[in-house]
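> Sequence:
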Amino acid sequence: MAKERVDVLAFKQGLFETREQAKRGVMAGLVVSVINGERYDKPGEKIDEGIELKLKGEKLKYVSRGGLKLEKALQVFHLSVEGQTTIDIGASTGGFTDVMLQAGAKQVYAVDVGTNQLAWKLRQDDRVISMEQYNFRYAELGDFELGQPSFASIDVSFISLSLILPALHRILAEGGQVVALIKPQFEAGREQIGKNGIVKDKSVHLKVLEDVTKMAVETGFSIKALSFSPVQGGHGNIEFLAYLEKTNEPVQIDKQEITNIVYQAHEEFKKDE
6 MAKERVDVLA FKQGLFETRE QAKRGVMAGL VVSVINGERY DKPGEKIDEG IELKLKGEKL
66 KYVSRGGLKL EKALQVFHLS VEGQTTIDIG ASTGGFTDVM LQAGAKQVYA VDVGTNQLAW
126 KLRQDDRVIS MEQYNFRYAE LGDFELGQPS FASIDVSFIS LSLILPALHR ILAEGGQVVA
186 LIKPQFEAGR EQIGKNGIVK DKSVHLKVLE DVTKMAVETG FSIKALSFSP VQGGHGNIEF
246 LAYLEKTNEP VQIDKQEITN IVYQAHEEFK KDE
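First residue of the sequence shown? That's 6 in our numbering, and the numbers climb one at a time after it.
None of these hints come from the bench; they were simulated from the model.
Where hints are given, some of them may not hold.
[To be verified] The calculated lysine-lysine pairs, modelled on BS3-like cross-linking and capped at a C-alpha distance of 27 angstroms, are:
#, residue 1, residue 2
1, Lys229, Lys200
2, Lys51, Lys111
3, Lys275, Lys59
4, Lys64, Lys77
5, Lys66, Lys219
6, Lys219, Lys77
7, Lys111, Lys66
8, Lys64, Lys126
9, Lys47, Lys64
10, Lys205, Lys229
11, Lys229, Lys8
12, Lys59, Lys77
13, Lys77, Lys51
14, Lys47, Lys77
15, Lys207, Lys260
16, Lys66, Lys77
17, Lys260, Lys8
18, Lys64, Lys260
19, Lys219, Lys207
20, Lys200, Lys111
21, Lys207, Lys126
Remember, predicted model here, so these are calculated numbers, not experimental data.
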């Protein structure tokens, strides 16, 4: 995994308003790891950019700040997971899993290709079925013995949704709902990705959303709505939220809606460009 300076990472994750504030905050010992509480006090120290940071003593609403992405999706798409069997694809620390539990999910399959990432409090929750070192590309319904999921969230990196959605279609209940995070940096062509893996071009974002939604429809999902993530991805990438539904007659979203969401996202984050 790529590495980044602690102060720069703290700034990008929104802990401070400026990089200078982040530098001073790190030197003051205010920045710690979300997972294990490790303190970082050297601004120039390079750490894995996947490490989530928080301010010392800060109480997070979910085990990961990434949970705010799914929280927004449930709100703007008017979705409920109460009483449902759900699946969190790309669970990592478990931010999305935590959101689903707090929203009343009956049980959550927390699926990730990695290991030892899921937060301890979620490992101890009887409603969570942790499936580590599980490559979802090859998922089959028989792997989910405690019930077929009727709701799914997807937050994966370094892999296209085109490799995830076909497997999800196999295991999700008919009429099942999906919130998928669309990450242009992992969907665009190599020539469209800028320095440090950043995709800034509106036209690339439009093309990615058009291609991903078209692929989703061809896979058997209707595109019900789109929005953008309230939290930027690695290196400040804008990411998008898609609400999909497994259906016999998949319907594509209007192209103008795609355009509107891209422009809204750029307007929201233009202060960070």
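> Of all the hints numbered above, which does this structure not satisfy? Sort the numbers upward.
Violated: hints 1, 2, 5, 11, 13, 14, 17, 18, 20, 21.
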